[in-house]
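**Q** For reference, the chains in residue letters:
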Amino acid sequence: MVDFSNQPTMKGFFAPTRFEADVYDCEVIGKVPTELNGAFVRLGGDWFYPPKFEDDSPFSMDGYINMFRFKNGIVDYKGRWVKTPRFKADGAAHKQLFGKYRNPFTDDPSVAGLDRSVQNTTPLAFAGKLFTLKEDSLPYEIDCNTLETIGPYNFHGKYKSLTFTAHPKVDPTTGEMICYGYEAEGLETKDVFLYTISKKGEVTRELRFKVPYVSMVHDISITEKHVIIPIFGFVSSMERLKEGKVHWGWDDTKPAMVAIVPRDGEAKDIRWFKGPSRATVHTLNARDEGEKVIFEAPIFDSNPFPFFPPVDGSKWDPTKAKAYIRRQTFNLNSKDDGFTEEKLFEMNVSDLGRVDDRYLTQPYRYAFTAYSDKQRPFEEWKAGNLGGRVSNCYGRFDLATGKMNSYFAGPTHSLQEVCFVPRKNGAEGEGYIMGVASNYAEMRSELIIADAQRLEEGDVARVLLPFRATAQVHGRWMDEGELPFA
Amino acid sequence: MDENSLRVAATLTRRTFMGVIALGGSALVAPTGALLVQAKPAERHSSPVVSFHMDQPYLDMTGTAIPYNPPPGVRSGDPASRLGEDALRSMLL
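Taken in sequence, the protein lines are chains A and Z.
At position 65 of the first sequence the residue is numbered 65 (this note's numbering), and the sequence of numbers has no breaks.
At position 11 of the second sequence the residue is numbered 11 (this note's numbering), and the sequence of numbers has no breaks.
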């Protein structure tokens, strides 16, 4: 018996959508640019069965992969559950068997030893294959046409870490993927395995090293010569897991640490820098400038996640859960472990930012992300008391001039992560931004497509779904040539 | 200083007085002419509350976050059959 009625966060617009979907020739307001051929692939989570514990993290939600397939101005939609062993086991038992986020001690004994992954974080197209990524396990290969799950993938047995990041980086110059796993040897291990994988999908390099303390290593940046790896205040321990807690707690006394790893170096060549408490969950870009490494990211002042509370028993502080686009500079000639930091924009933004990926490792000018503009209208009687609390705008942030251009979604909408789709052979920032809006009034999701250079003019097209799409964690544009689309 | 109490000594002006009242506090004038303020403790809920962060609802276990109030009717998950005629009409306007 499935019963969500006692789940207070899963009501109305946020009630679970438990179906799989196909919508052919979607309804469109405006005109879908015919130059967009490929797919906007989204990965996120939804609960198929209610969580075992009220205070579990939403990161435990079952993975759901969905795509808007673009062909000659027509858009089809398809959504499928990622059918992991966990999803199948729950289905066979007709209930949630798995406990708290990355804590197997809270599971039903019947699933001991089973892959706990829910595959709900990032879709990836690489070496002609489509994958789902979740940082607690290996990637899962997905059929790019049916979105059916093929299974876990370990790069011909050469990828040895037990885990794989949700944020690998593909070097646009070489086509190589820089990826890694943390807690690579198992739960609570300090091991990080860092890999280079050729554009054909062959592992060409492995570097093993340890982090100073077990912490979330969610995202990295790359330059031509270095990999930048931030770790920050999330802590974990086997004792914590045995006490039945979620994997992470926040420890404000832990310094934010950043590893600068030479891409062709050894573990002994890694420089660890140390700064004040911060949370760098997602990154924008980085580059080498002589002996300096310049790294930019939307960085939180402190713990962004209320469901990973402070370990000292204090209350999670929403006023510190704000991200600002910041630049950190690491001087590789310095004798100490400090680094400099500056705030590039004074407004707080969503940390789910994107750049033109063709400029990864290189100097670049534009960053895109969502933010909340409290001056814009919000119709609370149609959409709830969320005015000023939801991302209602996408911004193009010009890092060269400090200016920002803005797209507004509407008075009953919030925006999920933005995606940038470059125009073929276009200059940096030339192309479209894309992202799914939640229309709380109409109880539906709308894919927004806007000209990235003319955001103030509004969207050029909205693809309407006649239902609420599963919430996205991350989405990626996958061009026609990247995958063997039918 | 206790997080639930606030003591402010300031010159008594209409602006500070009104500011204190707006905070829900009570004001006393000390013999020196300074303003001594004892604010009321912040309202605490006895049970977890659904709030909103990063475009998603979450359950605030401390019960102190700003509650999320969904729009009325079916958008909040309530069955339409429970709505009265007036409520239904107001939703359609």
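Incorrect hints may appear among the rest.
Unchecked claim - With a straight-line cut-off of 20 angstroms between C-alpha atoms, the simulated SDA-like cross-links for lysine to any residue are:
| # | chain 1 | residue 1 | chain 2 | residue 2 |
| --- | --- | --- | --- | --- |
| 1 | A | K52 | Z | P48 |
| 2 | A | K322 | Z | L59 |
| 3 | A | K382 | Z | D86 |
| 4 | A | K322 | Z | D86 |
| 5 | A | K78 | Z | D86 |
| 6 | A | K382 | Z | P67 |
| 7 | A | K374 | Z | S81 |
| 8 | A | K31 | A | G458 |
| 9 | A | K190 | Z | P48 |
| 10 | A | K292 | Z | S81 |
| 11 | A | K11 | Z | R75 |
To be verified - Calculated from the model, a selection of chain A residues having no Cβ within reach of chain Z, i.e. all distances over 12 angstroms:
| # | residue |
| --- | --- |
| 12 | F4 |
| 13 | F48 |
| 14 | P85 |
| 15 | D90 |
| 16 | P109 |
| 17 | F155 |
| 18 | G186 |
| 19 | L187 |
| 20 | S277 |
| 21 | K292 |
| 22 | A323 |
| 23 | D351 |
| 24 | P363 |
| 25 | R365 |
| 26 | E380 |
| 27 | E442 |
In short, the hints are calculated from the structure, not lab data.
Source: prediction; values computed, not measured.
Each residue gets a CB set at the ideal place from its N, CA and C atoms; glycine is no exception.
**Q** Look at each hint and say if it fits the structure.
**A** Quick rundown of the hints versus the structure:
1. K52(A) <-> P48(Z): Cα-Cα ~17 angstroms, so holds.
2. K322(A) <-> L59(Z): holds, 19 angstroms
3. K382(A) <-> D86(Z): holds, 16 angstroms
4. K322(A) <-> D86(Z): Violated, at about 41 angstroms.
5. K78(A) <-> D86(Z): Given pair K78(A), D86(Z) is violated - Cα atoms ~39 angstroms apart, limit 20 angstroms.
6. K382(A) <-> P67(Z): holds, 17 angstroms
7. K374(A) <-> S81(Z): Not satisfied, since the Cα-Cα distance of roughly 35 angstroms exceeds 20 angstroms.
8. K31(A) <-> G458(A): Roughly 13 angstroms between the alpha carbons, so the hint for K31(A) and G458(A) holds.
9. K190(A) <-> P48(Z): Judged against 20 angstroms, a Cα distance of about 35 angstroms means the pair is violated.
10. K292(A) <-> S81(Z): Cα-Cα ~65 angstroms, so violated.
11. K11(A) <-> R75(Z): Between K11(A) and R75(Z) the Cα gap is close to 8 angstroms, so the pair holds against 20 angstroms.
12. F4: violated, 9 angstroms
13. F48: holds, 18 angstroms
14. P85: holds, 27 angstroms
15. D90: D90(A) is indeed farther than 12 angstroms from all Cβ atoms of chain Z, at 21 angstroms.
16. P109: holds, 27 angstroms
17. F155: holds, 33 angstroms
18. G186: With a cut-off of 12 angstroms, G186(A) remains clear of chain Z, as the shortest Cβ separation is near 29 angstroms.
19. L187: holds, 25 angstroms
20. S277: holds, 19 angstroms
21. K292: K292(A) clear of chain Z: closest Cβ-Cβ about 32 angstroms, beyond 12 angstroms.
22. A323: It is violated; A323(A) is separated from chain Z by about 9 angstroms at its closest Cβ, not greater than 12 angstroms.
23. D351: violated, 8 angstroms
24. P363: Holds: least Cβ distance 30 angstroms, greater than 12 angstroms.
25. R365: holds, 27 angstroms
26. E380: violated, 7 angstroms
27. E442: Non-interface label on E442(A) violated, nearest chain Z Cβ at 9 angstroms vs cutoff 12 angstroms.
Against the hints set out earlier in the document, violations occur for numbers 4, 5, 7, 9, 10, 12, 22, 23, 26, 27.
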